[in-house]
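Residue numbers (the numbering used here), protein chains in the order written: chain L, 1 to 112; chain X, 1001 to 1114.
Calculated from the structure, these hints are not laboratory results.
Glycine included, each C-beta is placed from N, C-alpha and C at the ideal position.
Among the hints, erroneous ones may be present.
[Stated by the list, open to error] Only pairs whose alpha carbons sit at most 27 Å apart, straight line, appear in this in silico DSS-like list of lysine-lysine:
no.: 1; chain 1: X; residue 1: Lys1071; chain 2: X; residue 2: Lys1014
no.: 2; chain 1: L; residue 1: Lys55; chain 2: L; residue 2: Lys68
no.: 3; chain 1: X; residue 1: Lys1057; chain 2: L; residue 2: Lys94
no.: 4; chain 1: L; residue 1: Lys94; chain 2: X; residue 2: Lys1071
no.: 5; chain 1: X; residue 1: Lys1083; chain 2: X; residue 2: Lys1057
no.: 6; chain 1: X; residue 1: Lys1014; chain 2: X; residue 2: Lys1057
[Stated by the list, open to error] Calculated Cβ distances over 10 Å to all of chain L for the following chain X residues:
no.: 7; residue: Leu1011
no.: 8; residue: Lys1014
no.: 9; residue: Gln1017
no.: 10; residue: Asp1030
no.: 11; residue: Gln1056
no.: 12; residue: Asp1059
no.: 13; residue: Ser1073
no.: 14; residue: Pro1075
no.: 15; residue: Thr1079
no.: 16; residue: Leu1111
no.: 17; residue: Val1113
[What the hints assert, rightly or not] Label-pair restraints from in silico Cβ distances:
no.: 18; chain 1: X; residue 1: Gly1003; chain 2: L; residue 2: Thr109; range: 36 to 46 Å
no.: 19; chain 1: L; residue 1: Ser50; chain 2: X; residue 2: Asn1018; range: 35 to 45 Å
no.: 20; chain 1: X; residue 1: Gly1063; chain 2: L; residue 2: Ser50; range: 28 to 38 Å
no.: 21; chain 1: X; residue 1: Thr1086; chain 2: L; residue 2: Gly52; range: 34 to 44 Å
no.: 22; chain 1: L; residue 1: Gly52; chain 2: X; residue 2: Asn1018; range: 46 to 56 Å
no.: 23; chain 1: L; residue 1: Glu15; chain 2: X; residue 2: Glu1062; range: 42 to 52 Å
no.: 24; chain 1: X; residue 1: Glu1102; chain 2: L; residue 2: Pro8; range: 20 to 30 Å
no.: 25; chain 1: X; residue 1: Gly1016; chain 2: L; residue 2: Gly57; range: 41 to 51 Å
no.: 26; chain 1: X; residue 1: Lys1009; chain 2: L; residue 2: Asn2; range: 40 to 50 Å
no.: 27; chain 1: X; residue 1: Gly1101; chain 2: L; residue 2: Lys55; range: 15 to 25 Å
no.: 28; chain 1: X; residue 1: Gly1101; chain 2: L; residue 2: His73; range: 17 to 27 Å
no.: 29; chain 1: X; residue 1: Asp1059; chain 2: L; residue 2: Gly28; range: 12 to 22 Å
no.: 30; chain 1: X; residue 1: Asp1054; chain 2: L; residue 2: Gly52; range: 31 to 41 Å
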Amino acid sequence: KNEVEQSPQNLTAQEGEFITINCSYSVGISALHWLQQHPGGGIVSLFMLSSGKKKHGRLIATINIQEKHSSLHITASHPRDSAVYICAVSDERKTSGSRLTFGEGTQLTVNP
Amino acid sequence: DGGITQSPKYLFRKEGQNVTLSCEQNLNHDAMYWYRQDPGQGLRLIYYSQIVNDFQKGDIAEGYSVSREKKESFPLTVTSAQKNPTAFYLCASSIYGGETGELFFGEGSRLTVL
Chain L
1 KNEVEQSPQN
11 LTAQEGEFIT
21 INCSYSVGIS
31 ALHWLQQHPG
41 GGIVSLFMLS
51 SGKKKHGRLI
61 ATINIQEKHS
71 SLHITASHPR
81 DSAVYICAVS
91 DERKTSGSRL
101 TFGEGTQLTV
111 NP
Chain X
1001 DGGITQSPKY
1011 LFRKEGQNVT
1021 LSCEQNLNHD
1031 AMYWYRQDPG
1041 QGLRLIYYSQ
1051 IVNDFQKGDI
1061 AEGYSVSREK
1071 KESFPLTVTS
1081 AQKNPTAFYL
1091 CASSIYGGET
1101 GELFFGEGSR
1111 LTVL
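Work out the full structure, taking the sequences as your base and the hints as a guide.
Structural data, given as structure tokens:
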């Protein structure tokens, strides 16, 4: 079982729909990241959070530390939101190598 | 504008050849990282550097080498010892080391071994 599980793997929506992508993890963490990978391959950091909720424009990220779960919501989705969304957790146990464990990503397609 | 520049975007290599991927940043970040991305897998750390003239192996360093002679530059060499080098490579940086804080990524380099 992967330490970071995202669901769904693929998601197709119509423009304007409310979208939720989920991330569950199994380790103790110091922070969780949501990243967006656009079709060209480059990655942009959307959020870094360790508790509660953050909002930026139409994007909202929430985290429940007790349940080891985070969600990324997109309101009023648009075709330009089509991308791969990646969850990554910073493992508080690790002192060498990579502290970040990345999920496999969720491919989102928003149709006009 | 500040950011990370990777080159080349696409690279083809014959088996047995070494290739070097470039990564330059003008964000004045101390820490830089190289990740590998394969289909159906999460990103994996190859090497990281928290300061000039110092770097550490990540989780999959075998067959790769790096240098950090300047703060702005962190080139990755994929050597002939890397058994399966075809992949998408991403360079990233952060103000602080240890992958703490926000990460800034380049656009990536896609390496194909013929």
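Would you say glutamine 1056/X is clear of chain L, with no C-beta pair closer than or equal to 10 Å?
At about 7 Å from chain L, glutamine 1056/X fails to clear the 10 Å cut-off, so the statement is violated.
Is the nearest CB of chain L more than 10 Å from the CB of leucine 1011/X?
The assertion about leucine 1011/X holds, with a minimum of 13 Å to chain L.
Straight-line alpha-carbon gap lysine 1014/X to lysine 1057/X, limit 27 Å
At roughly 25 Å apart (the allowed maximum being 27 Å), lysine 1057/X and lysine 1014/X satisfy the hint.
Quick check: does the Cβ-Cβ distance between aspartate 1054/X and glycine 52/L fall within 31 to 41 Å?
36 Å Cβ-Cβ, so the 31 to 41 Å window holds.
If you check the beta carbons of glycine 1016/X and glycine 57/L, does the distance land in 41 to 51 Å?
Check passed, 49 Å falls within 41 to 51 Å.
Using the C-beta atoms of glycine 52/L and asparagine 1018/X, is the stated range 46 to 56 Å upheld?
holds (47 Å)
Given the hinted pair lysine 1083/X and lysine 1057/X, is their alpha-carbon gap at most 27 Å?
holds (17 Å)
Leucine 1111/X remote from chain L - nearest C-beta pair above 10 Å:
holds (12 Å)
Non-interface claim for lysine 1014/X, where every Cβ of chain L lies beyond 10 Å:
holds (23 Å)
Honestly, do serine 50/L and asparagine 1018/X meet the 35 to 45 Å range at C-beta?
Hint holds: Cβ distance 41 Å, inside 35 to 45 Å.
Lysine 1009/X and asparagine 2/L, beta-carbon distance inside 40 to 50 Å?
Violated, at about 29 Å.
Evaluate the given range 15 to 25 Å for the C-beta pair formed by glycine 1101/X and lysine 55/L.
Holds: the Cβ-Cβ distance is about 20 Å, inside 15 to 25 Å.
Hints 1, 11, 12, 18 and 26, counting from the list given before, are not met by this structure.
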